[in-house]
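Enquirer: Residues per chain are reported as follows:
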Amino acid sequence: MTLAPPSSRVQLTDDGKLRHFLSLEHLSRPLLEDILDTAAGFVDVGGRAIKKVPLLRGKTVVNLFFESSTRTRSTFELAAKRLSADVLTLDIAKSATSKGETLLDTLRNLEAMAADMFVVRHQDSGAPFFIAEQVTPRVAVINAGDGRHAHPTQAMLDMYTIRHYKGGFEGLKVAIVGDILHSRVARSQIHALNILGAEEVRVIAPRTLLPADADALGATVFTDMVQGIEDVDVVIMLRLQKERMDSALLPSEGEFFRLYGLTNEKLSHAKPDAIVMHPGPINRGVEIASEVADGPRSVILNQVTFGIAVRMAVMSMAISGQESLDAAQAAREESGHGH
Amino acid sequence: MTLAPPSSRVQLTDDGKLRHFLSLEHLSRPLLEDILDTAAGFVDVGGRAIKKVPLLRGKTVVNLFFESSTRTRSTFELAAKRLSADVLTLDIAKSATSKGETLLDTLRNLEAMAADMFVVRHQDSGAPFFIAEQVTPRVAVINAGDGRHAHPTQAMLDMYTIRHYKGGFEGLKVAIVGDILHSRVARSQIHALNILGAEEVRVIAPRTLLPADADALGATVFTDMVQGIEDVDVVIMLRLQKERMDSALLPSEGEFFRLYGLTNEKLSHAKPDAIVMHPGPINRGVEIASEVADGPRSVILNQVTFGIAVRMAVMSMAISGQESLDAAQAAREESGHGH
Amino acid sequence: MTLAPPSSRVQLTDDGKLRHFLSLEHLSRPLLEDILDTAAGFVDVGGRAIKKVPLLRGKTVVNLFFESSTRTRSTFELAAKRLSADVLTLDIAKSATSKGETLLDTLRNLEAMAADMFVVRHQDSGAPFFIAEQVTPRVAVINAGDGRHAHPTQAMLDMYTIRHYKGGFEGLKVAIVGDILHSRVARSQIHALNILGAEEVRVIAPRTLLPADADALGATVFTDMVQGIEDVDVVIMLRLQKERMDSALLPSEGEFFRLYGLTNEKLSHAKPDAIVMHPGPINRGVEIASEVADGPRSVILNQVTFGIAVRMAVMSMAISGQESLDAAQAAREESGHGH
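Chains as they are written, first to last, in this note's numbering: chain W, 14 to 352; chain E, 14 to 352; chain S, 14 to 352.
FYI, nobody ran anything at the bench for these hints, they're computed from the structure.
Possibly wrong hints are sitting among the right ones.
As the list makes no split between identical chains, a pair holds if one copy fits it or if it spans any two.
Simulated crosslink set (DMTMM-like; lysine to aspartate or glutamate; CA at most 25 Å straight-line) [what the hints assert, rightly or not]:
hint, residue 1, residue 2
1, Lys65, Glu336
2, Lys279, Glu336
3, Lys186, Glu212
4, Lys186, Asp50
5, Lys30, Asp104
6, Lys179, Glu124
7, Lys279, Glu114
8, Lys255, Glu114
9, Lys284, Asp57
10, Lys255, Asp104
11, Lys179, Asp307
Please model the complete structure; the sequences and the hints are all you need to start from.
Expert: As structure tokens, then:
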């Protein structure tokens with residue numbers, strides 16, 4: 014089939030450049046590698062005395078957080094500021110929408126203020142797609158986490174981290190452990206690992222925290238931690254939402270830790286040079302033991318560092334994609350074919 | 014009478030330059046036209062790849078919001094940042110005043126921090142005037158809406174919009190429709206339209222939403238929508254505050270919409286090229302039908318775009334007025350006449 | 014004793030440069046004078062048309078406010094912006110820590126985002142010390158007030174103010190009046206005044222608002238206001254926390270004002286050219302009469318102005334101290350002695 018699938022049609026320009034960043038499904042391996050390569054340059058910026066580049070100077074980035082998340086908001090805010098953008102943060106839950114304005118009217122108003130980018134966090138799966146389909150061509154949309162669907166910048170910073178420590182994805186076995194059912198992070202990671210050519214992706218979870226269609230995830234399913242972790246190169250622990258405990262999905266924190274919490278003992282079944290990752294914030298003694306989180310194989314804090322760089326990369330690439338659209342449009346109008 | 018009236022004495026320097034922007038009453042037509050002309054340059058800035066000019070670089074703009082308004086705050090914040098100012102936003106209701114400090118002491122402290130401008134939103138009519146009378150000569154005060162009194166930047170962006178689409182004000186008939194009684198926007202619009210030479214200003218509202226002294230407004234009063242809208246060039250719909258519904262002032266939303274809500278049918282009584290405006294956020298199906306809000310005669314979103322430019326104009330003109338005062342003062346001191 | 018005491022070991026580099034600013038105890042007179050001299054340059058910046066210097070351009074300053082304080086946060090935010098830093102403000106009480114993350118994990122994450130400075134306000138005495146001991150060498154920590162322990166930038170702006178009006182500290186008698194027991198400000202002021210060589214420091218308070226070890230404060234203790242204020246050059250009034258009234262510590266506001274509130278009458282017992290200071294926000298008619306607060310001897314608002322400059326000085330000196338550490342470390346690694 015040569016027709017691009019819907020999500021890539023929304024995310025890419027006609028000549029394949031990123032213009033929105035919503036989901037990793039259907040994106041190509043070269044594009045993901047381009048993001049990782051671009052991020053590498055921004056990792057250097059973070060190490061300089063002056064951590065600032067002028068790429069987004071005079072651009073307006075609007076943080077549209079329908080669901081609040083201090084950490085994710087902070088990383089995007091820092092990434093935008095290091096790109097020299099002006100940042101406006103809107104806690105939409107408390108703002109104009111509460112005056113009875115529709116979401117679309119809020120968006121139209123922000124567009125009219127000449128916003129260049131919306132960084133969207135939303136409790137509903139698909140909301141950033143809806144927004145990307147509705148915004149004017151000039152405005153780039155970045156998904157900062159939507160419902161149970163996707164968290165693509167998190168997945169890409171994870172890919173950056175894996176490539177940094179493992180040199181690439183070929184032959185790699187990666188295990189993702191924990192609450193797969195509710196995790197937008199896991200969903201995005203599985204897509205990214207498959208696109209980038211990892212040898213095997215495994216998910217490890219109790220049956221109650223696996224989706225009904227677990228077989229369709231694109232990963233091998235394990236309910237036993239020791240079996241699942243056997244011989245892997247990378248272990249990605251997911252954060253266990255405390256709310257799940259209160260529902261009937263889980264027995265107890267202690268029981269979960271005994272069965273799925275990552276300890277040095279369980280980690281010993283992975284490859285000797287396996288790295289340990291976690292999207293944070295970590296629950297010590299729930300999904301991960303402190304001996305592992307603070308141990309020599311943990312790269313959890315490096316993920317955070319790479320995360321700023323990956324967000325700078327995605328933001329600057331999307332703005333650049335939008336500008337190439339603008340230029341193409343201007344050229345068409347010049348030659349009398351557009352309007 | 015050659016004596017300048019009190020409000021213009023506060024707002025202007027001795028040689029007639031803007032130094033505060035509090036109310037449109039008593040301002041001259043050339044001054045309002047100067048604001049509109051200055052804004053035109055900033056509309057261009059909003060269309061550029063780098064939406065930033067250095068006019069207020071190194072200046073400190075303090076948003077003093079005693080009444081909260083995400084939208085108005087955002088537009089002033091963006092305007093200030095595009096002028097390269099540093100912006101400090103204070104939600105005064107939750108801040109130092111709650112520690113028992115007086116308003117004056119809060120102001121004096123912000124002045125002592127070398128603030129250059131206060132953007133004031135207040136639930137009490139006249140509060141920005143009080144503040145302007147109290148601040149040190151160096152600090153410019155911009156009214157971002159006070160009680161039922163004035164919202165002059167909103168009115169000026171409306172004037173910009175009208176001039177943009179109609180070329181000027183001569184011969185224009187303008188109808189303002191809705192809750193005139195509680196609207197600071199309407200009050201400022203009527204002043205502006207009369208100063209700029211509109212032929213006729215009409216207000217259209219049920220008796221319960223008209224002030225007792227409606228005849229003194231400077232506008233022709235209509236209680237019938239169809240009669241009032243007849244042959245006008247511009248229809249400005251006001252936002253209906255839901256709170257009014259609960260009081261005895263209004264029958265019901267449905268009844269209000271039937272009598273005063275703007276539909277294509279009612280709009281057909283205006284001139285064929287009449288434009289439709291609204292200060293936002295709009296209540297669809299209450300004061301305006303979606304067919305009109307989203308229709309070809311609506312310029313509601315253009316108002317938002319022009320609003321950033323008008324705020325940039327007013328802010329830069331007031332700072333420039335304050336600086337000319339400073340320079341004059343320095344010259345007087347130099348020549349030995351100062352104190 | 015030649016060994017540096019613990020607090021100065023944490024705060025200073027091996028060659029005696031400031032790298033954190035946590036407490037004035039054990040700091041040397043030349044260092045405090047260096048801070049005051051550096052601040053003098055920044056007072057000039059605050060008077061310029063463009064109040065901005067590029068010293069912290071491309072640096073990330075994180076305001077970590079565990080205890081909320083709009084005024085202190087605003088002054089640090091303005092100081093950082095005038096140094097051209099990027100500022101991220103975190104209201105920690107409502108943020109990641111509430112997700113069950115430990116303080117240390119929050120710090121490690123912010124470090125991983127390449128933060129250069131933490132400005133810490135905390136309800137617990139010693140928290141900024143704990144943080145300074147834990148952060149990576151690259152990150153400077155500034156104490157913006159911790160429990161009852163210290164508020165060193167407030168004390169240094171007070172010292173700046175005294176030096177500005179009195180020319181120096183030699184021969185000076187300074188009285189600090191009010192709630193000594195709960196005041197971190199008083200504790201820091203007494204340290205600073207003794208280090209800088211004031212002749213006599215007095216504290217004046219009712220017994221219930223004096224610490225049990227008042228004699229160890231480094232100040233002469235008075236319970237009678239008129240006796241205590243006799244012949245002093247500087248009167249520093251402390252803010253009376255209204256909460257204290259409800260506890261059994263104080264009779265009533267009226268009674269406190271009668272005994273300890275600063276009036277012109279009480280002030281007449283000080284030297285004729287004595288200055289009056291207060292950290293703000295003031296309680297008029299509780300600890301200070303308006304006739305004094307607004308009178309010719311009050312320098313309360315000048316303190317605020319100097320406060321921005323002193324914070325700019327401390328922030329730029331600490332960053333510079335950290336950078337000299339980095340450079341020394343790099344040199345050691347170059348010559349093969351590092352690790």
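Enquirer: Indicate, hint by hint, whether the structure satisfies it.
Expert: Hint by hint, here is what the structure shows:
1. Lys65 to Glu336: both (21 Å within a copy, 17 Å between copies)
2. Lys279 to Glu336: The answer is neither: 49 Å in one copy and 42 Å across copies each exceed 25 Å.
3. Lys186 to Glu212: within (6 Å within a copy, 73 Å between copies)
4. Lys186 to Asp50: Within one copy only: 22 Å inside, 60 Å across.
5. Lys30 to Asp104: neither (30 Å within a copy, 38 Å between copies)
6. Lys179 to Glu124: between (42 Å within a copy, 24 Å between copies)
7. Lys279 to Glu114: So Lys279 and Glu114 pass the 25 Å test across copies only (23 Å; inside, 52 Å).
8. Lys255 to Glu114: between (33 Å within a copy, 12 Å between copies)
9. Lys284 to Asp57: neither (30 Å within a copy, 60 Å between copies)
10. Lys255 to Asp104: both (24 Å within a copy, 22 Å between copies)
11. Lys179 to Asp307: within (20 Å within a copy, 54 Å between copies)
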